[in-house]
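Protein sequence lines, in the order shown, are assigned to chains A and B.
The numbers in numbering that gives the first Met the number 0 rise by one with no breaks, and the one at position 17 of the first sequence is 16.
The numbers in numbering that gives the first Met the number 0 rise by one with no breaks, and the one at position 82 of the second sequence is 81.
Hints are computed from structural coordinates only; laboratory data are not their basis.
Take the hints with a grain of salt, since some may be wrong.
Distance windows between CB atoms, simulated [as the list claims (entries may be wrong)]:
{"hint": "1", "chain 1": "B", "residue 1": "120", "chain 2": "A", "residue 2": "174", "range": "20 to 26 Å"}
{"hint": "2", "chain 1": "A", "residue 1": "173", "chain 2": "B", "residue 2": "151", "range": "17 to 23 Å"}
{"hint": "3", "chain 1": "A", "residue 1": "138", "chain 2": "B", "residue 2": "10", "range": "17 to 23 Å"}
{"hint": "4", "chain 1": "A", "residue 1": "83", "chain 2": "B", "residue 2": "38", "range": "32 to 38 Å"}
{"hint": "5", "chain 1": "A", "residue 1": "149", "chain 2": "B", "residue 2": "37", "range": "28 to 34 Å"}
From the three backbone atoms N, C-alpha and C, an ideal C-beta is built for every residue, glycine too.
2 protein chains.
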Amino acid sequence: MSEMVLVTFDWVPEIPRGYVRDLRVRWALEEANLPYRIETVPFKSRNAEHFSSQPFGQVPWLRDGEISLFESGAIMLHVAERSEILMPQHAEERAGVINWLFAALNSVEMATLPYSIFKFNGDEEQTAGRQALDAFLQSRLQHMEAYLSRRTWLVDTFSIADILMADVLRLVARFDGLAEYPLCRAYVERATTRPAFAKVHADQLAHFAAAD
Amino acid sequence: MSEMVLVTFDWVPEIPRGYVRDLRVRWALEEANLPYRIETVPFKSRNAEHFSSQPFGQVPWLRDGEISLFESGAIMLHVAERSEILMPQHAEERAGVINWLFAALNSVEMATLPYSIFKFNGDEEQTAGRQALDAFLQSRLQHMEAYLSRRTWLVDTFSIADILMADVLRLVARFDGLAEYPLCRAYVERATTRPAFAKVHADQLAHFAAAD
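When you get a sec, could you build the whole thing from the sequences and use the hints?
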C-alpha cells in the first residue's frame, strides 16, 4: 500500500494551533491505520503551486498517487475507500455515514462558523442579522442534542462522520458555546478522548512548535 | 430501475420559492434522466416522522428503496452512483468532482450563508464580526473568479459539483453580491440557462403555487 502525503502549513500563529484542519485528516489516517507522511507549504507566502493544489489557498490537501484531494470531506471519503474501519459496509449504514459527513460540513459547520468568527473578533453586537445567525446555530444544536440523546456515535460505530462532527463542535466548545448542550459536550468528550485524537493533537502542536 | 421519491414541503411562503433545496435534487435527477416522484410533508407542523427522516426538520430528502438521504451533497453522490451522466468515471476527474462538491457546500456556502442572512434581514451594520465574515466571502469569491477564468465547468464536463456550486452562487447573485465577479456571474448564467434548470425551477414554483 502506497504511503499518502498530507500537506499542511510549515507554521501558523499560536491561536489556530490544535485546530488547523490537517488535524481532521491525521485523525482519520491514525484511526484507519493508514501510513502517511507530512509535507509542508509556506504559511506566509502562498504561491501558484499552492493554489493549483488548493484553490482557496488553504490547507490541508492529501496526495495518494495521482489523486489529490483538497476538501476535508473528500479526504474522509477517500480514507473510507482505503480502509473499512471508518465506514460500515452495509448500504443503509453507509448512506447514514455519508448523510452525517455532509451534515457536519454543511448543516452544522455553516451554522457554527459565524459564531466562531464573532467570538474571535470579540464582537457582541446584537444586530438583526447576528440574532438570526445565532437562532440558526441554536436550532442546529438543539436538533443535535435531540439526535445524540439516543446514540453514542452518529451511526452505530465511530466513523468519518464523527471525526468531522466532533471537530466542528469542538470549536464551538472552545468558546463555551455548548454550555446548554450537555449531550453535545459529552459527544465531543467521547470523541476527543480517543487515543488517536490525543496523538494527532499532540503531533500538530509539536509540528508547529518545531517551526517557531 | 425503481422510481426514487423526493420529499419536499407541501407549501412555503413566497420569498424562498425558487430557492428551496429540493430544486438541487430535481435538477440533478432531470440532468441524469432518472425517474422520480414528489411527496410532501407539512411546512407548518413538522412531526416526529419528519425529524426521523431529516434530523434538522428541513427538506428535501430522497428515498431510493431502503436508502434515505437527507443532505443535498449525499443525494448528489447517490445520483452520480445511479447515472454516469453527472460524474466522470476516470479516477482523477472523479476526485476533482468530489473535491468541488464539498467545496460548494463547505468552502463556499459557509461563506455565502451569513451574507444571505444579513441581506434577508436588511442588516447593514458594519461590526467587527460582520467585516470579518464579509472579508471571508470576498476572498472565496476572488478565488472562484480566478479558478473560473480557465474553465467552463468546475471539472471538464457539467457535473453534480456544478449543480451545487451554481445553486449556492445563485443566492449571492439574488442580492447583487456577484456584481464585482463577472466570471462567477457568467458561470451561474451558463448553469441556469440549461433546459433542466428551467424545467425544475418552473416545477418548483408550480408545486408551491398549487398549494396557495
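Status of each hint after checking the structure:
At roughly 23 Å, the beta-carbon separation of residue 120/B and residue 174/A lies within the given 20 to 26 Å, and the hint holds. Checked against the hint of 17 to 23 Å, the pair residue 173/A and residue 151/B fails, with Cβ atoms roughly 41 Å apart. Between residue 138/A and residue 10/B the CB atoms are about 20 Å apart, so this pair conforms to the stated range of 17 to 23 Å. Taking the beta carbon of each, residue 83/A and residue 38/B are about 34 Å apart, inside 32 to 38 Å as hinted.
A C-beta distance of roughly 30 Å is found between residue 149/A and residue 37/B, which places it inside the suggested range of 28 to 34 Å.
Checked against the numbered hints listed earlier, the structure breaks hint 2 alone; every other hint is satisfied.
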